[in-house]
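J.: Line by line, the protein sequences are chains A and B. The opening position of the first sequence corresponds to residue 1 in this note's numbering, with each subsequent residue numbered one higher. The opening position of the second sequence corresponds to residue 1 in this note's numbering, with each subsequent residue numbered one higher.
If the Cβ cut is set under 8 Å, some of the chain B residues that face chain A in the computed set are:
#1 9
#2 30
#3 33
#4 36
#5 46
#6 140
#7 143
#8 144
Here are the simulated lysine to any residue pairs, SDA-like style, with alpha carbons at most 25 Å apart:
#9 B:40 - A:92
#10 B:133 - A:108
#11 B:133 - B:54
#12 B:100 - A:96
#13 B:40 - A:104
Reference excerpt, derived from the structure (chain B facing chain A, CB under 10 Å, subset only):
#14 8
#15 10
#16 12
#17 13
#18 14
#19 17
#20 28
#21 29
#22 39
#23 41
#24 43
#25 44
#26 141
#27 147
Derived from the structure by calculation, the hints contain no laboratory data. These figures come from a predicted structure and were not determined experimentally. From the three backbone atoms N, C-alpha and C, an ideal C-beta is built for every residue, glycine too.
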Amino acid sequence: MGRLLVVDSRDLTEYAGGRSLPPLIEELCRQGHDVTLFLVENGVIAARRGAAAGLSFDALSGTGVHILADEVACRARGIRELAPGVCLSDLDHLADKIADGFDNILWY
Amino acid sequence: MHSDEPGPSGRRRVRRVAIVLSTGSYQREAPTTVLRLAEKLLERGIEVNVWAFEEAVTLTNQDQMEHNEPPSLRPVLGESHAPVGRFIDQLLRAGLHGAKMDWVTCILCAQERGVEKHQMGGAIVGTLGDLWKFVGGADQVIAIPAYR
Numbered sequence: 001m002g003r004l005l006v007v008d009s010r011d012l013t014e015y016a017g018g019r020s021l022p023p024l025i026e027e028l029c030r031q032g033h034d035v036t037l038f039l040v041e042n043g044v045i046a047a048r049r050g051a052a053a054g055l056s057f058d059a060l061s062g063t064g065v066h067i068l069a070d071e072v073a074c075r076a077r078g079i080r081e082l083a084p085g086v087c088l089s090d091l092d093h094l095a096d097k098i099a100d101g102f103d104n105i106l107w108y
Numbered sequence: 001m002h003s004d005e006p007g008p009s010g011r012r013r014v015r016r017v018a019i020v021l022s023t024g025s026y027q028r029e030a031p032t033t034v035l036r037l038a039e040k041l042l043e044r045g046i047e048v049n050v051w052a053f054e055e056a057v058t059l060t061n062q063d064q065m066e067h068n069e070p071p072s073l074r075p076v077l078g079e080s081h082a083p084v085g086r087f088i089d090q091l092l093r094a095g096l097h098g099a100k101m102d103w104v105t106c107i108l109c110a111q112e113r114g115v116e117k118h119q120m121g122g123a124i125v126g127t128l129g130d131l132w133k134f135v136g137g138a139d140q141v142i143a144i145p146a147y148r
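Take the sequences, apply the hints, and build the full model.
T.: Now the structure itself:
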């Protein structure tokens, strides 16, 4: 099965397509893919603890998805506490993962 | 720097990344994020090739100037605000001593926006053929979507 990276740079509530992203990732994971979801820019808004858009992250993480939030983007938006299932990360970590290779990268 | 040793996943390490970017100056954060990521990839010895089209061709407009911040904000923000192109210039120059970054600007998009003759040194005005070669030669392709 594939090793996939999904980068979410948009607020999940900003565009209608954002609602489809967590179910898509869940389905990819269910199919056996190793999926990393990296939240950057406005994508981290959903990672704020208590944010409705991020309520699915805990369950998503439970299915094996690695959910990471860019530390710079979080700081810029005053996000200090992350939703359950989300880990604080940075672009060094993302670059390390890309250096290791993915079968596909989807940048949303 | 780059090693031929497999990475943690056991795969052959990525040597070359192609990035396709269409977001221009002052639209969204994407150019800044791309450059932050490009810098990290270059630090790891990975070659980065950027294909800039649509509004992204304005990022390498050498005529963009720093603008002064309002006096009341200078204690917080500093004296002036540098354009993103300054960051691109630094990364292109960094390639002289490490992994290199190529930056190709789409000729049609640049002509449409009147910036073809205003590209900074190091940025190459190119065609879709360059995009084809970037993608074909890349271990990893990252396409940044256009959205408003």
